[in-house]
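Participant: Here is how the chains run, residue by residue.
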Amino acid sequence: MRFLGDTPKEFDVCIDVTYPEAKKPDGGTAGGLAIWFKDYQNTYIVATTPAGVAGAHRYNKDKYGLVSPYRKQASLKAGVGEKNTLRVTAKGNQVTVYANDQRLFAFRGTPEEAYIGLYAQSWEGETSNTWKFSNFKLTEAPK
Amino acid sequence: MMLRTIAGAMLALAIAGGPALACKGDEIFSDDFADDSGPWDSTQFSTIAGGYAELKLDAAIWA
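As you go down the protein sequences, you meet chains Z and Y in turn.
1 is the number of the first residue of the first sequence in my numbering; add one for each residue after it.
1 is the number of the first residue of the second sequence in my numbering; add one for each residue after it.
Calculated from the structure, these hints are not laboratory results.
Heads up, a few of these hints could be off.
Straight-line Cα separation of at most 16 Å, EDC-like style, residue types lysine to aspartate or glutamate; simulated pairs [to be verified]:
(1) Y:LYS24 - Z:GLU10
(2) Z:LYS38 - Y:ASP41
(3) Y:LYS24 - Z:ASP101
(4) Z:LYS91 - Y:ASP26
(5) Y:LYS24 - Z:GLU140
So here's chain Z without its partners, still in its complex pose:
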């Protein structure tokens, strides 16, 4: 689900993410933000799971690559219905990810003038996972 209002290379974006019900809270579903989102085959994904895990991966010409390992994060409130504020800052080629004002990890990427999107994915058989996002805020990258 893309934000169509701008395609910033550098930015600071914040969103509240509410975890859905999941049969497999760690690995059954993930949600977060797509950044430098040219299309579904070319984008970076910063995601979290209902188990309080977060990391990042990318698709480059539809090829998957891990850019920051998915790890349990103490600053994420885990569990169904828990809400966490995810923040992603992109400046130059540096991306920094925060949750609830705590730095989680950083990685280097290839900046693109492309969309920012809300991301969710499910691998849970016939179960539907409903990810809820609130309080979207996009600002200029920090000086």
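Based on these hints, arrange chain Y on the given structure of chain Z.
Facilitator: Only chain Y this time, still in chain Z's reference frame:
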């Protein structure tokens, strides 16, 4: 002094409770998702209303 302390505490609470406290720079856009009038593309998996953008997914799909 007491009043000042209480006011300070309330301000601190208000700041701490802000949903997007971290994004402090010049605002490009914000959305409280009260309705679907914002510049978002819609998919069969997405809805915007009542303060939330929702992505409801079946298996092996991302949106």
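Participant: Run the distance test for LYS24 of chain Y versus GLU140 of chain Z: straight-line Cα separation, threshold 16 Å.
Facilitator: Cα-Cα ~8 Å, so holds.
Participant: Are the Cα atoms of LYS38 of chain Z and ASP41 of chain Y separated by 16 Å or less?
Facilitator: Judged against 16 Å, a Cα distance of about 14 Å means the pair holds.
Participant: Need the status of pair LYS24 of chain Y, GLU10 of chain Z: alpha-carbon distance at most 16 Å?
Facilitator: Holds, at roughly 14 Å.
Participant: Under the criterion that the straight-line Cα-Cα distance not exceed 16 Å, is the pair LYS24 of chain Y, ASP101 of chain Z satisfied?
Facilitator: holds, 12 Å
Participant: Tell me if the straight-line CA distance from LYS91 of chain Z to ASP26 of chain Y falls inside 16 Å.
Facilitator: holds, 15 Å
Going through the hint list in order, the structure satisfies each hint without exception.
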